[in-house]
Each structure stands twice: as structure tokens, then as C-alpha cells.
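Visitor: Letter by letter, the chains look like this.
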Amino acid sequence: MYWKEFIHQCSDIGVGSLGIVAIISVFIGAVSTIQTAYQLVTPLIPLSTIAQIVRDTVILEFAPTLVCIVLAGVAGSKIASELGNMRVSEQIDALEIMGINTKTYLILPKIVAALLMIPMLVVIAMVLGIWGGRLAGNLSGIIPPDIYDKGLLEFFDPYNVFFALTKSYVFSFIIASIPSFYGYYVRGGALEIGRASTKAVVVSCILILFGDYILSALLL
Amino acid sequence: MIEVRDIRKSFDNKPVIEGVSAVMKSGQCNLIIGASGSGKTVLMKCMVGLFEPDSGEVLFHGKSITQMNPEERTEIRKEIGMLFQGSALFDSLTVEQNIMFPLSMFTDWGVKKKLERVNEVLARVNLVDTNKKFPAELSGGMKKRVGIARAIVLNPKYLFCDEPNSGLDPQTSLVIDKLIREITEEFNITTVVNTHDMNSVMEIGNYILYMYKGHKEWEGTNKEIIFSKNQRLNDFIFASEFLRDAKEMRMLEETGKIANERNMDDMMQGDSPFTNPKKDT
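Protein chains in written order, with the working numbering: chain D, 1 to 220; chain P, 1001 to 1281.
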């Protein structure tokens, strides 16, 4: 049953958020390319630099942080409202009466599923973000694809990917645990579920931004 | 048998339960009645261990649930079935999956055996062909019956029902009452029902505990309640003119001054003039 719940959560958090992550990543990459090109006005800087900047910005910041903030809204509010609804409708009490450890059954699979799926989503976001930049550069005529591809390989530091994945693991824990806390301990009715959901998203976002700063200061 | 000894519980220094003691025997329906806010649900939640009482203890066949360690409490809870006020069915699971849930958690049975047991309890609560339906597709009475089926699927020794008739029409309430009574007698379980429904009090109340502002005001059987002189109890139970008349009628029946022709089973089958108006014509 725990395995079933874990797979269910993997599907909910991972597959359920894939669409929004893909859309955001492609557009973020595309906008990064256009705005970077807009700021590089001197002909002394080669066009491939645009690809380098887009690559590093997407890997270091946009894919892990922005995607996780969006996921805090999408998955976090869902977790908080799901648990809140289960609490208010006595479904959690029903599980307790059956002798089931509700924290282990309801919260642990969500945290483990988030730790597994969100870093995967972040990796997908990196790839799609960079591809979105390539697409936008090509369509707008800012940078030809072959120069973009060449720029991607220049001065690439694999440590950036390690840093991004480290951030995504920390943010995954925040995204699953904070809404679980607010949802699990909700008291009252529908109004309180909504409030708990909103509070969970706000606190998660603040902690993600705070964590982003701390990790950047420590690891870069 | 469940024994409640001097239970006290307060929230934010406001006492909700004040020294309630009671003995609830096996094979009978034990009812907790009282006005809203009298502490019925809190008492029931203290009994099943969802709330920790401030003092006092609850004994299940002599073993105190309040003094059990988490492992022992988990074990005793496997012997408890509970029907919640809102049924508390898992929204994302079908009827079949809801009832199968405790079996999947606590038995190593194969799917075929679990399915047989699910169908057995569904038949017991008179629900067939609902296996694949979701709770949202069921009526209030059907949800209650699925809740009962889930509560009894592991053959519990204790059954707790929190306001099983709330939100149901009188006839469906009768069905639920009859089911609870039959299951209690059939499996010799200790059933505790928290109710406002006066029909339940009169029909299935083998033992009745009347709560008033957090303390035990009266206890007795459904026969004794008719003759009780307790003013608060009488004000609560026989609140309307109709109920006072019904009380008079029941008193006459009990004292043998008129014949008792009412029968719950007949009423259920529509043989009563109350449920089958055509008979009057």
C-alpha cells in the first residue's frame, strides 16, 4: 500500500506537473536568449556568448529556482488542500482508527516522491530551457543554431549542474514538507483549507528564495 | 466490554468532559446522547484514542488504551471499526477499494480472497453492484452503509458510530439502525453509537448514556428512559408535542395497558401504516 501511494504521488507530482514545467522552461529559455542578445550591443562579443549566458542562467537559476517556485504553487497547494480536505472530512481520523501511522502513510510518500521527481523535472527544465533559447534565437534570427550549439559547449562547467541538482533536492523537500505540515494540521472547514493552502505556498516560496541565497553563498 | 473511568478532557482550560464513567457491554448497542456541545463526540474520540483524556482511563476488555504504548494501541485499533458522521470514505478510491483498504493494510490475503470478503460485507449491508462506484456517486445512506462495511470488514470487536443517522431521511435512518443492531448481535461486538436521533434511542438503545454539559446526567435502557423523571433528559428526548404523545403511548404499551403492534422489521418492509399510507385507505 505504501508503494502504491508512493507511485501515485510520483505520478501526481512528476507527471502532473510536467506540462506546466515544459511550457515555462521553453519560454524562459526563449526570453533569456532575446533579452541577452538585446543587452549585448557590441560586435566585439561573439554571438556564441549568448548561448553560454542562456545555458548558465537556465542551469544555475531558472531551471532549479523558478521551476521549484512554480511547483510550490502547483504541487504544494495540491498537497496542502488534499491533506486539509482529508483532515476536515475525518479521512485522516479514519486511517488513525484503523491503526495506520498517518504521517508515514500520507506524508512520507509525498516527500520521497518529490525528492525523486522534482530533480528530474529540473533536469527536463534545463534541457527544454536551453532548447527554447535555441528555438527563439533561430526564429528571430538573433543567433544561428550552429553558433548556438557551439556556444553551449564553450566554457561549460559541470559543477553548475551539480549545484542546480543540490538546490533542487533542497527545494523538493521544502515543496513537499511545508504544504504537508499546513494541510495535515488544518482545523475547521473549507475556508481554513484555502487559507492553509495559500499559506503553504507563500511560506514555501519564501523558504525556496531564502534557501537559494544560502546555497549560492555556500556553494558558489 | 468497554469501561470508561472518570474521563476528563478540556480544551484551552475549558472543560468539555467532566468525570464521565460508564460500562458498555458486548453484544449490545450502547448509545451516547445529548445536545450539541454536550461532549458526546469528544467522549467517543477519547474512547477510541483520537484524543488523549486529561485524566481517567478507557479499558477495552480490561486493557487501558490510555496507558498503552503506540504498538499496543495500533494492535487494539485493528479491533476497532468506526463509522464517521460524514462517512469519511476515501474520495479517490472506489467503494471496493475503500472496503478493501484495511484488508490490504493488515492481511496478506490474495486479491481473490479480499474481493470475496468485500462482496460478503457489501451483501451484508445490502449494497450490491456498487463496487466500482466512487463515494461522490453514492447517496448519503449508501455512503453510511459503505462506511459500516469498511468498519466491519476486519471483524472488529468494537464498533463506534458517530451520528450514523445525521442527514438521512427517517426511512433510511431505520435501515441504518436495523443494520447496526443486527451486526452488533450477529458478531457479538461492543457497539457505541453517538446520536441525536430519538428513533434510534427507542429502537436500538440497549444502554443509553445521556450527557449534559460535559457530565453524565443519566444512564439506563430504552425502556427505563420512558419512565425517567429526570427533567433535563425529558426536555431533551421528548422536546416536541408529538414526541411527548409518543412517550405516553410507549408508556401505555410497556405497562401493558395497550397492545404493542409496532415492529421495526414490518415498518422497514412497508407493512406499517406509517410507511405504507395505502393501507389506511
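One or more hints might be untrue.
Taking CB as the label site, the calculated pair distances span [to be verified]:
no.	chain 1	residue 1	chain 2	residue 2	range
1	D	27	P	1105	38 to 48 angstroms
2	P	1256	D	185	36 to 46 angstroms
3	P	1139	D	23	22 to 32 angstroms
4	D	194	P	1006	39 to 49 angstroms
5	P	1057	D	195	35 to 45 angstroms
6	D	185	P	1131	43 to 53 angstroms
7	D	6	P	1231	49 to 59 angstroms
8	D	23	P	1115	41 to 51 angstroms
9	P	1240	D	101	14 to 24 angstroms
10	D	198	P	1139	27 to 37 angstroms
11	D	127	P	1128	30 to 40 angstroms
12	D	27	P	1015	51 to 61 angstroms
13	P	1116	D	116	52 to 62 angstroms
14	D	202	P	1116	26 to 36 angstroms
Derived SDA-like pairs: lysine to any residue, alpha-carbon spacing no greater than 25 angstroms straight-line [said to hold, decoys possible]:
no.	chain 1	residue 1	chain 2	residue 2
15	P	1178	P	1111
16	P	1014	D	93
17	D	78	P	1157
18	D	4	P	1097
19	P	1078	D	78
20	D	4	P	1115
21	D	4	P	1014
22	D	4	P	1130
23	P	1157	D	95
24	P	1112	D	78
Derived from the structure by calculation, the hints contain no laboratory data.
Everything numeric in this text was worked out from a predicted model, so none of it was measured.
Heads up, the beta-carbon is just placed ideally off N, CA and C, and yes, glycines get one too.
Visitor: Does each hint fit the structure? Answer for all of them.
Guide: Going through the hints against the structure:
Remark: the range hint 38 to 48 angstroms for residue 27 of chain D to residue 1105 of chain P is upheld by a beta-carbon distance near 45 angstroms. At roughly 57 angstroms, the beta carbons of residue 1256 of chain P and residue 185 of chain D sit outside the given window of 36 to 46 angstroms. Checked against the given bound of 22 to 32 angstroms, the beta carbons of residue 1139 of chain P and residue 23 of chain D, roughly 41 angstroms apart, lie outside it. The supplied range of 39 to 49 angstroms is met by residue 194 of chain D and residue 1006 of chain P, whose beta-carbon atoms lie about 41 angstroms from each other.
Checked against the given bound of 35 to 45 angstroms, the beta carbons of residue 1057 of chain P and residue 195 of chain D, roughly 37 angstroms apart, stay inside it. Taking 43 to 53 angstroms as the suggested C-beta distance range, the pair residue 185 of chain D and residue 1131 of chain P does not conform, at roughly 34 angstroms. Between residue 6 of chain D and residue 1231 of chain P, the C-beta spacing of about 58 angstroms keeps the proposed range 49 to 59 angstroms intact. One distance hint, 41 to 51 angstroms for the beta-carbon pair residue 23 of chain D and residue 1115 of chain P, holds here, with the actual separation near 42 angstroms.
The hinted range of 14 to 24 angstroms is not satisfied by residue 1240 of chain P and residue 101 of chain D, whose Cβ atoms lie roughly 46 angstroms apart. Restraint check, residue 198 of chain D to residue 1139 of chain P: a C-beta distance of roughly 34 angstroms satisfies the suggested window 27 to 37 angstroms. At roughly 52 angstroms, the beta-carbon separation of residue 127 of chain D and residue 1128 of chain P lies outside the given 30 to 40 angstroms, and the hint is violated. Residue 27 of chain D and residue 1015 of chain P have their C-beta atoms about 59 angstroms apart, which keeps the hinted 51 to 61 angstroms range intact.
About 36 angstroms separates the C-beta atoms of residue 1116 of chain P and residue 116 of chain D, a value inconsistent with the hinted range of 52 to 62 angstroms. At roughly 49 angstroms, the beta carbons of residue 202 of chain D and residue 1116 of chain P sit outside the given window of 26 to 36 angstroms. Taking the CA atoms of residue 1178 of chain P and residue 1111 of chain P, the gap is about 31 angstroms. The hint is violated against a cut of 25 angstroms. Restraint check for residue 1014 of chain P and residue 93 of chain D: satisfied, since their Cα atoms lie roughly 23 angstroms apart, inside the 25 angstroms limit.
Of the pairs offered as hints, the one joining residue 78 of chain D and residue 1157 of chain P is violated, with about 37 angstroms between alpha carbons and a cut-off of 25 angstroms exceeded. At most 25 angstroms may separate the alpha-carbon atoms for a hinted pair to count; residue 4 of chain D and residue 1097 of chain P meet this at roughly 13 angstroms. Among the hinted pairs, residue 1078 of chain P with residue 78 of chain D is inconsistent with the structure: their alpha-carbon atoms are about 30 angstroms apart, more than 25 angstroms. The straight-line distance between the Cα atoms of residue 4 of chain D and residue 1115 of chain P is roughly 18 angstroms, inside the 25 angstroms bound, and the hint therefore holds.
Taking the CA atoms of residue 4 of chain D and residue 1014 of chain P, the gap is near 43 angstroms; set against the 25 angstroms cutoff, the hint is violated. At roughly 23 angstroms between alpha-carbon atoms, residue 4 of chain D and residue 1130 of chain P fall within 25 angstroms of each other, so this suggested pair holds. The hinted pair formed by residue 1157 of chain P and residue 95 of chain D meets the criterion: a straight-line CA distance of about 17 angstroms does not exceed 25 angstroms. Taking the CA atoms of residue 1112 of chain P and residue 78 of chain D, the gap is about 34 angstroms. The hint is violated against a cut of 25 angstroms.
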